[in-house]
Every structure is written in C-alpha cells, then in structure tokens.
Amino acid sequence: MIRDITIGQYYQTDSVIHRLDPRVKLAGTIIYIVTLFLVGNIWGYLLATLGLAAVIKLSKVPLGYILRGMKAIGFLLGITVVFNMFLTPGTPIFSFWIFTLTWEGIRTALFMGWRLILLIISASLMTLTTTPNQLTDGMEKALKPLNKLGVPVHEIAMMMSISLRFIPILLEETDKIMKAQIARGADFESGNIIEKAKAMVPLLVPLFISAFRRANDLAMAMESRCYRGGEGRTKMKPLIYKKADKLAYLYLLGFAVITVFVGRL
Amino acid sequence: MSIKLERINYIYGQGTEMVVHALKDIHIEIKDGEFVGLIGHTGSGKSTLVQHLNGLIKPTEGHIYFDGQDIYAEGYDMKKHRSNVGLVFQYPEHQLFEVDVLSDVCFGPKNLGLKKDEAEAQAKEALALVGMGEQYYKRSPFDLSGGQKRRVAIAGVLAMKPKMLILDEPTAGLDPQGRKEILELISGLRERAGITIVLVSHSMEDVAEYVDRVIVMNKGAVAYDGAPKEVFSHLEELEEMGLAAPEVSYIVHKLREKGLEVETDAITMEEAAKDILAALEARRKGNL
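Here the protein sequences line up with chains A and B, keeping their order. Going letter by letter, the first sequence gives residues 143 to 407 in the working numbering. Going letter by letter, the second sequence gives residues 76 to 363 in the working numbering.
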C-alpha cells in the first residue's frame, strides 16, 4: 500500500550517471538547484529543462517511474501555483472576493511551478541513481574537513545511512503489522478522526517495539564486530575521482554558467 | 464449511520493471475438519496464498468461495469472513500491543462488535485452549517468554472463534521443546474445538507428523497435493524444489538401497522404527 512512493528510492540499473562519484552528483544537484534560482526568463528554464532531460536520458531511469513519484507532491504544487496566481499584485484580469487574478501572478505561478518540478526531479534523480550508502559515503568524504572543527562527520554519516537503510524495513514492518491487525478485525479506514487516531494504537505500539528491537540488535551486531566510530577507519572502496568524474564537473560548470547567462539576459 | 479457490492468479508490480507472477492458476479446495500442511521453499508463494484465503490480498484473477459464497462479491461481509478464517502471521507475538494479556486477546472479538463481557468470555476460552491460565490474565504480554507470547497471540485469533485457522510458520524461532508444544497445541485444537487447520511450514518433520494432507507449492504453483506418504515418496522432485522429505524417509530409502527389504513409506520416526525392526526380523528368519 505504501510502496508507491518513489521519492528517495534507488533505481537499480547500470548507467554513466549511476557510475559517477556520489560527490559529483551531490555537487551537481546543488549547483543545478542554485542555477534554477538564478534563472529568470523562459529561455533559461528551457535550457535547464533540456539539461535535466539529457541527464535523465543518460541515467536510463524510465521517465514514467520518476513522474510517478511526483504524484505525491501534486497537492503541494497545486497550492503553490494557485496562491501565486491569485496573490501576486499587478495588472488584474478579474476579481473574486479577496482574490485577484493578475498577469504577473500567472507568470510567477508558471515559473514557480516549473521551477519546483525541475527541483524535485533533479533531487529525486540523485537518489534514484545513487544508493543511500554511496550518498552518505560521498557526504562523509566531502565534509571531512569539518572533522578538524570537532564535527563528528563519520558518526553523522553512519547515523544517516542507518536511518535510510531502515526506511524500507519499517515500511515492510508496518505493512505486516497492519495486515495482522486487520486479520484480527481492526479497521484503519472508517470512523471519524478520533476513531482513526485510536485505531493507530495497535499499529504504532508494535511498530515502536520492533524499531527498538531492531536498533538493539544492530547495536549488538556492531559492537560484536568491534565498531568504534570513524577514527583510523579505512574503507574497502575508497572514493577516488576518475576521469569521467572530472569531465562531469567540467560539463556541469559549463552548463551552469551558460544557463545563468542566458537566464538573466 | 469449506473454502474453494478457483484459478487464482496473483501478479504484482504491474507497470514496473519488476513484474512478479506470484501465484499461477491455483485450484484448491479445503474441506471442513481437514488438517492441511502447506509447504514450499522461501518465495514459493505460500504466504501470499494464505493471505488470499482471508481476503487480505485480492487476486488479480480468479475466485475464492467460502461456503459457496464469493468472498470478493460486493456486499460480502469481509469482517465476518476474517473472523471465520483466522490467520496467524509469522512471529505473531510482534503484533501484541495491549497493557495486559486479557485485553490483548479481547481486541479481536471487540472489533467484531461484541460487548465487553462477551468478548472477555471468548478471550478466556481462547486462552484456556492455548493453555494460558488465569494467572496470566493481568500480566503484561511483553513480560512473557517467547513461547508464551506466541500462545497469547494465537489466542488473539482464536478468540474470534474461527472455523478455520491458518498458521504461517508457527514454530519459527522456537526451540525444539517450544516447537513440539505449539504443534501439539495446534493439532489439539482440531480435536477439541473442531477447527479446520492450515499449517504453513517449510519443516517436513513438523508437517509429516500431524497433517493428513500436504500441499506443496513451487514457484507460485501447486506441485503436489495429497496424503503425506504419497507426497513424500517424490523424494528427488522435492529436493529439486529446495525442499526435503522427513529425515526418516532418507534413512529407509538408504537402507533399501543397501539391501534391507524395508518398507519406504514411513514418514515419522515411530513408523520407521517399526518398519526397520520388521525388516530385520524378516531377514533373521530368512537366514535361519
């Protein structure tokens, strides 16, 4: 039932984008998002869309799969667009109660919606092509200098990768407990909001207990393998920039500069 | 009371890269009072199949009839159906949530709309069936031992007075003593409460000793369906499916290979011992 959410999931396949160093993808996503906010005209947006389309094509992730994940944010997107349309001051087209539709509003709303869609697609493209482990590895390496300031970078990265790893497990567990309680006649759908909240107790209590049990087991397993944090720890697959990664940085910078230049003409 | 599955197909992941045909043309009828063992390797579709039986999963194709009524027909009382066909999941103790044992077991009957005292009466009856006495009623379910928790969880389903009880790997994670206790309890349920039982398992020993019919699942389809002796005679085919016959089957087959004229259809330790003794006796007589 909850399996339809694709945001934040990894799509297993082999592509140029999948093979890139996670740091490139992290930096790329950030640069792309910054670019999106610097762009102010339709040509800039078109260029940004084209760039993203090219990366999607290279990544071999089916477009339908990416768009399916967008359904979840459709509501948010709708609200943003409507509010921008009616609440931006400018040349009015027509008025209704306290709302006034303006030309400027339509323009802002369209750009805003467009920007949001690109933003979310680019961010989900990163998670679709990078496993959570690679992602945290990339972050850990990129943030390494902060270690000198006393920030426990490795520990934070470890916590992140553990929590990411637990999301599918907990989803599965929720599904299982839900079914078990439905088999005992529980009803999660009907009733008013208070009844619905009450109906969650038989789901949440076992879920919490199982989360604690799993956390406990994991801690035990880590301790019995003498895990003791980041100091002096080496990696089996250390991250090293390859030629493709350096080229990717180059393309990325070129793309960002051109798009911002065109987008601010 | 019988449940009948007609041409059940279940496919998930449609429209994605990973389409799985989990159940293929399943035809099964389970009659009143039967004790059926459902076995299969991990991923053979046995858990998916039992979730169909009590309406948790809707088949992509096919029909399920309970007492002649299509359970997916419009207006069919699914809640009532779920109380008729009780399903005990794997590690059922993970679903416990109440503050004490009695209220947890009352959860099911209360959901069926019973009043507090009726629900409690049914809960107490169910707890008695699983051998949990009055001294446990007010204990927290989380303070009990693993085996006791499992009994309480099974009682939670029994309290809805099901006519048919499906148990998915009820002995998983228990020690040999606990396994035996749970299996004795389950086979006792049929005799004492007259409940039809479906036991899902991958342990041949568990199944061989108690059930009177075995259904073997392989890759989403029914591979064998028959009496245990008959099914376990397909030693090699079962091995190919990643399953094994009860260990004594191997012993009697090996003995026969080595030249001892022993019957090979024994599936429990006692039967095998008797057959081997008989064969030895016969040989001794022959030698004289």
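Calculated from the structure, these hints are not laboratory results. Heads up, a few of these hints could be off.
[Stated by the list, open to error] In silico DSBU-like cross-links for lysine-lysine, where the CA-CA straight-line distance does not exceed 35 Å:
id : chain 1 : residue 1 : chain 2 : residue 2
1  : A       : K388      : A       : K377
2  : B       : K349      : A       : K318
3  : B       : K213      : B       : K191
4  : A       : K321      : B       : K155
Against the structure, the hints:
1. A:K388 <-> A:K377: Holds, at roughly 22 Å.
2. B:K349 <-> A:K318: Distance ~44 Å between K349 of chain B and K318 of chain A Cα, so the pair is violated.
3. B:K213 <-> B:K191: With a Cα-Cα distance of about 16 Å, the restraint between K213 of chain B and K191 of chain B holds, given a limit of 35 Å.
4. A:K321 <-> B:K155: Holds, at about 16 Å.
Hint check: a violation occurs at hint 2 only; the rest are consistent with the structure.
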